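Could you slot chain D onto chain C? The hints should help.
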Amino acid sequence: MTDLNEKLRVVIADDERPARSFLAAMLRECEGVELLGEAENGAEAIQLIEREKPDLAFLDLQMPEVDGLGVVRLLRKSRMPLVAFVTAYDEYAVRAFELNAVDYLLKPVDRARLLQTLQRARERLELTDWRTRESERTQAAAAEYDSASGATAQRLTRIPIRQNEEILLLPVRDIASIIAEGELLHITTTTNQTYHLAYRLKDLESRLDPDTFVRLSRSALVNLETLHRVSPLPGGSYVATLTNGQQLNVSRLQSRILREQLLKL
Amino acid sequence: MATHAAAMLINWLGFITGAALYTMLLLMALGESRAGSIVKTSDEDSESSFNWLPTATALLGLVWNLGSLAALGFIEHRTSHAWTLLNALMYSALGFLPAVVVHSLLRKRDATLPKLASLLLLGAAYGLSLTASVFHFYEAWATRSEVSHWALHILTFGFCTLIAGLLWLKSLRQGWRQVIWIAALSWFAVSAQHLSHHSGENYSWWIEIIGHHASLPLAFVILYQDYRFALADLFLKRALVLLLLVACAFGIYAFALKPIIARSLTSEPNPSEIAPLVLVLVGTWIGAAFLYPWLRNGVSWFVDAIILRRSNFDWLREELAKRIAEQESAETLLDDLCRQLAIALTSRKVRWQQLTSEVASQHPLRAVHTGPLLARSGRPSREFRTQVQTIATVLIPTVDAPQYQLEIGELAWGRRLFAADTDFLETVATMAARRIDALRVVHERCQRDLREKEMHKLATEAELRALRAQLNPHFLFNALTTIGYLIQVSPDQAMDTLMRLTALLRGVLRHSDGEFISLSEEMELVEAYLDIEHARFEDRLRVSIDVPDSLRELRIPALVIQPLVENAIKHGISPLSAGGQVAIAARLERNDSNHSDTLHVTVRDTGAGASAETLRHARTRGFGLNSIEERLERHFGSAANFRFHSVPSQGTTVEISFPVNRKLAAQTSARTQALTAAD
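Sequence order for the protein chains is C and D.
For what it's worth, this note's numbering labels the leading residue of the first sequence as 1, then goes sequentially.
For what it's worth, this note's numbering labels the leading residue of the second sequence as 1001, then goes sequentially.
To be clear, the hints were calculated from the coordinates, so they are not data collected in a lab.
Computed from a prediction, not measured in an experiment: that's the story for all the values here.
Ideal Cβ placement from N, Cα and C applies to all residues, glycine included.
Some clues are possibly wrong.
[Stated by the list, open to error] What follows is a list of derived Cβ distance ranges for each label pair:
{"id": "1", "chain 1": "C", "residue 1": "PRO171", "chain 2": "D", "residue 2": "GLN1581", "range": "17 to 27 Å"}
{"id": "2", "chain 1": "C", "residue 1": "ARG256", "chain 2": "D", "residue 2": "GLU1326", "range": "48 to 58 Å"}
{"id": "3", "chain 1": "C", "residue 1": "LEU169", "chain 2": "D", "residue 2": "GLU1633", "range": "33 to 43 Å"}
{"id": "4", "chain 1": "D", "residue 1": "THR1332", "chain 2": "C", "residue 2": "LYS202", "range": "54 to 64 Å"}
{"id": "5", "chain 1": "C", "residue 1": "GLY32", "chain 2": "D", "residue 2": "PRO1491", "range": "20 to 30 Å"}
{"id": "6", "chain 1": "D", "residue 1": "ARG1510", "chain 2": "C", "residue 2": "ARG259", "range": "49 to 59 Å"}
{"id": "7", "chain 1": "C", "residue 1": "GLY32", "chain 2": "D", "residue 2": "GLN1581", "range": "41 to 51 Å"}
{"id": "8", "chain 1": "C", "residue 1": "PRO171", "chain 2": "D", "residue 2": "GLY1637", "range": "37 to 47 Å"}
{"id": "9", "chain 1": "D", "residue 1": "ASN1626", "chain 2": "C", "residue 2": "ALA198", "range": "34 to 44 Å"}
{"id": "10", "chain 1": "D", "residue 1": "THR1502", "chain 2": "C", "residue 2": "ARG28", "range": "26 to 36 Å"}
[What the hints assert, rightly or not] With the Cβ distance kept under 10 Å, some of the chain D side facing chain C (calculated, not the full set):
{"id": "11", "residue": "LEU1476"}
{"id": "12", "residue": "ASN1478"}
{"id": "13", "residue": "LEU1480"}
{"id": "14", "residue": "GLY1484"}
{"id": "15", "residue": "LEU1486"}
{"id": "16", "residue": "GLY1579"}
{"id": "17", "residue": "ALA1608"}
{"id": "18", "residue": "ALA1610"}
Looking at chain C on its own, in the form it has when it is part of the complex (with noise of 0.2 Å):
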């Protein structure tokens, strides 16, 4: 970071290869630009970003798996580069990355525009607290595009979660529960297997299957699947256990939206 005469050090990732190779083609061209590697999915991405330390990532927003948030949610803050998402089409993107000072190129991309983000990223870079900025700007706008694009989102149907150097692909089907602390969920299977990840329990929900996956208090999602058993406790709240043995107090308030949603079965 101190070497600001050296050339800016950017990775990209797209799975479309035409698109990828469009734009690293057009970065080769931009003088003071080093190219430090091409991704074809998320999970290459943090592979790559984490190893090559790059300053700025053009992440497409549109990936297979893991998507350019996804990357970003998943990436150790102290590898946060500076990112750039790139987007064919979507108003909610945009709308968020704008809120939020996160910058994002359209495809197909116009060199003009891409030479402004290489000045940004790169007046960025002197400020001496650009990587926490820069997490900040990207989680937040993370979170404004889910709750925005909420009603449209497409349903999860595996979440991925960081597991060291790995990302592991969990099957939303293999949930039992999902429990809040602060930033911070932990997800527990029914095998009993317990990860954790950096998203917000709100946001989660707006992409799980609602039917499926029911609030039992402010900070615990549990699969209803998984419901075993709710027994009342003295004071009106209940317990709930689950079929892994897990057991989650029930508030007042949600023990009678559960038991209408029970009972209706």
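Only chain D this time, still in chain C's reference frame:
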């Protein structure tokens, strides 16, 4: 001698007037019973059988008046035997008159009267009349005298008692005042006759007149009571006008001309003096002629406004026009109109009904139709029929169906609709029709504007939706990016892809929703689309197409296959790093029973697939597939079929099937070949 001549003149006039009045009453009664018989229903026998009483009254009055006229005409034969018998008949008729009047009063007015008392009174009345007529005939037969004084005594004192009885019966009831004085008048008629004979040789011409013409006021009263408007329209107005005219002429003669004539005739008449005289006479004559319309208007106003308190039509028309203009819907307008007309015409009930189309077409052009119209005007509700008899129907001549009709229930006091009334009704009906037309036009325009706006909105939306659905921006920008890349690495391939994109764009824009194109045209679009996507996804997208050439001329709705393919790529292939295969197949299912075969088109991908829940979620979002299903259903109804089958991580299969016309396709094919051959 002069007084005798004057009395004779008044006798003549009186009997003629009497005869005219009773004739009128007879006609009214007969007309009413005819109308009644046509609309007769099971529960109005009492009403229809009642009509013989006024008829009888009229006949008796006629006999008296015509007989008296005859007596005046054949004064020299008064002593003959036939004459005395005729005279007895006349007096008998006069004697029955009060009995019939009493009968009609007892029957008509109040059913709650004590039955026994009524019967007794009735029996007494007829008994008296019968006894009197027996006396008359006996007198005529035995003594050949003109009239039986005993009979007159019996009538006078008998009916005096009867009227006292009537008074006792009905004293406390409302509306009986008229009844009593009609009865009293009839009694007076008889007793006046009696009196005139009592006066004997003491000749007094006014007693003579009162005696002979006492039946006149009776006729007036009955007519005024039951047929007030007819009396006014037919008789009163004309009589009054004539009377006034005669009075004017006489006045002018007496006060203006007589002195002049007297002066002129004193000296020797010479032409120079006679000329102004003739001038004055001619002037009087012309003046009287000019006076006539003025008098007529004045009298009819007097009769209508003062005597009958009939509504002033001009004023009423303005009032109604104002009210009609304020109404905002046909129903409230007609309701209000009915209320107002019922008051104005003194009708017992005015109501409206909507005409069914066939009745409306049968309806005559005339707006107002008086008389019993039940056969023509469809079926007035039973409730209305049984309660109130419809005397006229008024068509509201609106330009468009449905038209309406007013039904005027019978009017009070036996009033009929005369020319002025029907004119008025016609005017009002036209006014109402114009207002209803105007309301309808406004309503229609509003609706049309709304529809147009809606259509416009829908059209715009549909266009946009069509563009978005067929060519979603993702696809378009990604295609452009691909072309951008190809320009750098392979300009020829870039040109190719650009041309494919152009073809696809043209195809999507050209074929509007609902248009039929050939399967080969659709497949061209699909192939153009697949080429572009293949350039983008490269070997991640594998395609197989199995559409036999024999099917390529079949006509299918435009853009039903391309969206399926696009959907397969968007949701099946692009979410997978490894990509997958898209297979398009078409086959024809022969159906020998008719000309319509069924075309099955299957689009299968080996892509991501979707769980049922994800699918449901996706489809509620208004996926392109919904619109295809809707369009197929719109074109082919239940003959079209749409099947969707998806398994997570295995892929999705969509099959559509719909009828196609083999014959039509063959013809099109032949024509294409012919054209090709011609070229």
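How the hints compare with the structure:
For the pair PRO171 (chain C) and GLN1581 (chain D), the beta carbons lie near 23 Å from each other, so the given range of 17 to 27 Å is met. Look at ARG256 (chain C) against GLU1326 (chain D): about 57 Å separates their beta carbons, and that is inside 48 to 58 Å. A hinted range of 33 to 43 Å for the beta carbons of LEU169 (chain C) and GLU1633 (chain D) is consistent with their spacing of about 39 Å. Checked against the given bound of 54 to 64 Å, the beta carbons of THR1332 (chain D) and LYS202 (chain C), roughly 56 Å apart, stay inside it.
Range check, GLY32 (chain C) to PRO1491 (chain D): about 29 Å between beta-carbon atoms, so the 20 to 30 Å window is met. A hinted range of 49 to 59 Å holds for the C-beta pair ARG1510 (chain D) and ARG259 (chain C), which are about 57 Å apart. Evaluation of the 41 to 51 Å hint for GLY32 (chain C) and GLN1581 (chain D) yields a pass: the beta carbon distance comes to about 44 Å. The supplied range of 37 to 47 Å is met by PRO171 (chain C) and GLY1637 (chain D), whose beta-carbon atoms lie about 41 Å from each other.
For ASN1626 (chain D) and ALA198 (chain C), the Cβ-Cβ distance of about 36 Å falls inside the hinted range of 34 to 44 Å, so the restraint holds. The hinted range of 26 to 36 Å is satisfied by THR1502 (chain D) and ARG28 (chain C), whose Cβ atoms lie roughly 30 Å apart. At a threshold of 10 Å, the smallest CB-CB gap from LEU1476 (chain D) to chain C is about 8 Å, leaving the interface hint in force. Below 10 Å, beta-carbon pairs count as interface contacts, and ASN1478 (chain D) has one with chain C at about 5 Å; its hint therefore holds.
Restraint check, LEU1480 (chain D) versus chain C: the minimum CB separation of about 5 Å is within 10 Å; hint holds. Using the Cβ-Cβ criterion of 10 Å, the hint placing GLY1484 (chain D) at the interface with chain C is satisfied: the shortest such distance is roughly 4 Å. At its closest, the beta carbon of LEU1486 (chain D) sits 7 Å from a beta carbon of chain C; the interface hint therefore holds under the 10 Å criterion. Satisfaction of the interface hint for GLY1579 (chain D) is found here, the shortest Cβ-Cβ separation to chain C being roughly 9 Å, below the 10 Å cut-off.
A hinted interface residue such as ALA1608 (chain D) counts as satisfied when its beta carbon comes closer than 10 Å to some beta carbon of chain C; here the least separation is about 8 Å, so the hint holds. The interface hint given for ALA1610 (chain D) is met, as the beta carbon of that residue sits about 8 Å from the closest beta carbon of chain C, less than 10 Å.
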